[in-house]
Amino acid sequence: MNGMAHKLAGTTKGPGDTPHEFIFISTDPENILKHGEYVWYAIEKNNKTQRVIARITERVDAHGYPDTFLSDPLIAPQDIAAIMGYPREQSTIYEISAAIMGYFDTDVGAFINPWIPPLPGSPVFFADSAMLAEALSRKRQNDIGSAWIGDLLTREPGDAPIIIDMTEITSSHLAVIASTGSGKSYLAGVLIEELMRPYNRASVLIIDPHGEYSTLQELTDLAEFRAAAEQQRTAYQPEVRIFKPAEVKVRLSTLEIGDLRYLLPDMTEKQQYLLEKGFKKMTADPRLKKKWTGRDLIQAISENAGGENERDDTSTVGALEWKIEARFIENTLTFDPVDHLDLRDIFKPGQCSVLPLHELDDRNQQVVAATLLRRAFRARERSVQKKEPTDGDQNLDYPIFILIEEAHHFAPAKADVISLRILKQILAEGRKFGMGIGLISQRPGKLDADVLSQCQTQCIMRIVNEVDQNAVAASVESVGHELLQNLPALSKGQVIISGAAVNTPVLCRVRKRVTKHGGASIDAPMNWVESFNARTAAEQRRNEATSAPPSNTMGIYRKRPTP
Amino acid sequence: MTLNNFADAYGNPVGVIVKSDSHIRYWAQIYNGNETVLPVEPQEYAFGRYVRVEYPNTAQRRQLIGIIYDSMLLNPSFGSLGPRLASDDSQRAIFSPDYLSERAVLIGIIAIGSMEYLANGEPSPDSIGKEQGAPSFAAELGAKVFPLTESEIYAFHFYGESSEAAPALHIAYISQLLSAPFGLLPQAALRILDQLEPMFPNYQRHLKIIRRNILWKQSIEPAR
Ligand SMILES: Nc1ncnc2c1ncn2[C@@H]1O[C@H](COP(=O)(O)OP(=O)(O)OP(=O)(O)O)[C@@H](O)[C@H]1O
Ligand SMILES: [Mg+2]
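First to last, the protein sequences are chains H and G.
To convert, note that position 325 of the first sequence is 325 in the working numbering; the numbers rise steadily by one, no gaps.
Basically the working numbering = 1-based index in the second sequence + 1000.
Hints in this document: simulated from the structure, not taken from any laboratory.
There may be inaccurate statements among the hints.
What the hints assert, rightly or not - Just a few of them, taken from the derived set where beta-carbon distance is under 8 Å, the chain G residues facing chain H:
1. Ile1030
2. Asn1032
3. Gly1033
4. Ile1174
Stated by the list, open to error - Some chain H residues well away from chain G (every beta-carbon gap over 12 Å; in silico):
5. Thr68
6. Asp72
7. Pro77
8. Met84
9. Arg88
10. Phe225
11. Ala229
To be verified - On the chain H side, residues computed to face chain G include the following (Cβ under 8 Å):
12. Phe69
13. Pro73
14. Leu74
15. Ile75
16. Asp79
17. Gly85
18. Glu89
19. Thr92
20. Ile93
Source: prediction; values computed, not measured.
Idealized CB from N, CA, C, for every residue including glycine.
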């Protein structure tokens, strides 16, 4: 190892507050030893020199000025020090704490903590960007399964790219958590772009309650992607399918009794009992099992009712029928006896599907998500277990990834929501069946804690709310307390990535998107001004049309008689 | 007040070095009327004054620079309580002249650096030839002590026009005065600020802060 080529950062003073911290001293003339920066020291391990990387966690001015030096805002304390014989150019010495991450073992693919702090007096080096790019990221750019998310925040853009491991994300799940407006959807867009690159060609579905992902359509016509495909001599061009709200249908026969109970709220015990009985009877009929209507269900219930307390039943049945009618017969927008989303239309390698749910009410959104997740999960399960398709549904022969926006809405804490159970099952077992979930939420505190902790990769952005900060701290073990302290200070587009997809938690600046971002906040004053101007212009035209002299010689318009 | 030639710079000595406690602490005996033509005025060896002490080889034109930070009166008959022949100096000069010459005023000088003089007797105009802090060479016994003129004081502290790298004013020895363990140095430091303030009008705010810092350490911090 050529020691001279490395940039010296300082000299070790001794151990720090905790066993994995040490303190070094530096004058830091270039002002590069910022909070969150990386340094390294050398140790001998098995006759090999290893570079142990450490992250700067604290930086204190060891030579602080007396308060009186700061008492005149017009006079810099450095000048006073200079007068007193302390040269201006070395007016500060920093005592810098660094947390030891370990040396990167390429065989193990992980950081190994050597449990040896640097010796007092030994040199500490500044970690160069190339070394960091290699040690922090799991994959190399353009590898299969790689995703270029952005760059290391403390370095110049482009110096140290952060490449995360999509293989991990699509099998052990992802959570993107941040306060509103911090750039979650923007980051999700970046992830999708990466998933659709020629070297990933993923099969992705976005459950989009706000209808903000339609700009991904641009992916199908990007010169950048075409060029990459040409370079690899394939004709790959990603497909993007944005479903129309009218296409988002649920076939009634895919509903289970739990879904029915959820969709028909506030039932009495008796009504529930009758519903279950009727449902069982109806689905026992092989003809109806695969294709029933709201009327079939009502009929099954009323046929089944009766018995000991017949008189009671009539009113109960009537109320229940009314509920079923309102949900499944009058509201035909979502539920249909035959039509539903075709799994093979939604999931295709190299295709990103967007399911906009913004025209549905909360419960319908949840049921649409739940039934679709369930069908997809069963399809994958059967494919992996080499079973034939049942229930008239298809199998899916390739892994899939589903990104869920507003995840707290589908997996809330302290509320019984129909989509929660299937989500929990997929998060727990999805790895076996090649089904990955990405959850996006601005309220981690309102997200089910189990669900959150099942996501093995976390992208955490700016979080101001203390409840949400605590929720993150409680369920995200991979990020240290010290890193989480930065949460309120992060700016838009800055993210802490931690967990399975990176080698170590890392602070990253999200890269620019190649497609336009669709979730931008609405500029209200701009809209007001525009619509005001449009209205006055229209009024003016109207006034002109009625008061202006005829513009044609044919005299179709007669001049208004002036009063 | 400028120095026209080197001889002027010599002015009138106020005394000679008679003892040292260390490399930077000296005692000088003030001339009494018998040794000089002109009697030495008390303000010439007042507390806090800058002095220079000539090195034996004056051809080098380097002088030790110091500050008067203490004084002492020597009285050989202290402790002998026998009957006195005379009750005042006019009678003593007649009856016992030896006795008078053995009484002496000593001043404590702390060395704060050294400065070179040009051939024309002017002190070096910029940072060249100046050292602030402990001087490289000690003073010798018998070396003459001169009070510093105002222009010499200015020259000792002026390190060239102020720049990005350094200010014009240098008082690098001041922390030495503040950190030394003997009592009167901080007061001496305040006295030298009194002298420097009118000489460096551009640095009055800086000097005020330094003064405030010393005053705080002197008067408030011990009371806390
Ligand atoms: N990395 C980035 N670079 C540039 N602009 C960004 C970046 N991240 C976010 N923005 C901008 O910030 C705004 C908010 O981002 P975004 O819509 O992703 O926030 P969000 O966290 O999804 O908010 P919400 O909770 O409301 O959905 C958008 O206008 C977006 O263009
Ligand atoms: Mg969003």
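key: Leu74/H as chain G interface residue, shortest Cβ-Cβ below 8 Å   = With a closest approach of 6 Å, the Leu74/H hint holds.
task = Using Cβ atoms only, decide whether Glu89/H comes closer than 8 Å to chain G, and label the hint accordingly.
result = Interface hint status for Glu89/H: holds (7 Å vs cutoff 8 Å).
key: Status of Pro77/H, Cβ more than 12 Å from any chain G Cβ   = Check fails; 8 Å does not lie beyond 12 Å.
query = Quick one, is the Gly1033/G hint okay against chain H at 8 Å, beta carbons?
reply = Because about 41 Å separates Gly1033/G from the closest Cβ in chain H, which is outside the 8 Å limit, the hint is violated.
inquiry  = Let's test the interface hint: is any C-beta of chain G closer than 8 Å to that of Phe69/H?
reply    = holds (6 Å)
Interface exclusion of Phe225/H relative to chain G, criterion Cβ beyond 12 Å = Non-interface label stands for Phe225/H: nearest chain G Cβ at 52 Å, farther than 12 Å.
query = Does Arg88/H sit more than 12 Å from chain G, CB to CB?
reply = Violated, because the least Cβ-Cβ distance between Arg88/H and chain G comes to about 7 Å, which does not exceed 12 Å.
ask   = Was the hint right that Gly85/H lines chain G, CB cutoff 8 Å?
value = Holds. Min distance 3 Å.
ask   = Do the numbers back the hint for Pro73/H, that is, is its least Cβ distance to chain G under 8 Å?
value = For Pro73/H, the interface hint is violated, since the closest Cβ of chain G sits about 10 Å away, which is over 8 Å.
query = How about Ile1030/G: closest beta carbon in chain H under 8 Å, or not?
reply = Because about 31 Å separates Ile1030/G from the closest Cβ in chain H, which is outside the 8 Å limit, the hint is violated.
query = Can we keep the Ile93/H interface hint, with Cβ of chain G closer than 8 Å?
reply = With a minimum Cβ separation of about 16 Å from chain G (threshold 8 Å), the hint on Ile93/H is violated.
query = Thr68/H clear of chain G by more than 12 Å, beta carbon to beta carbon?
reply = violated (4 Å)
Hints 1, 2, 3, 5, 6, 7, 8, 9, 13, 19, 20 from the list above are not met by this structure, while the remaining hints are.
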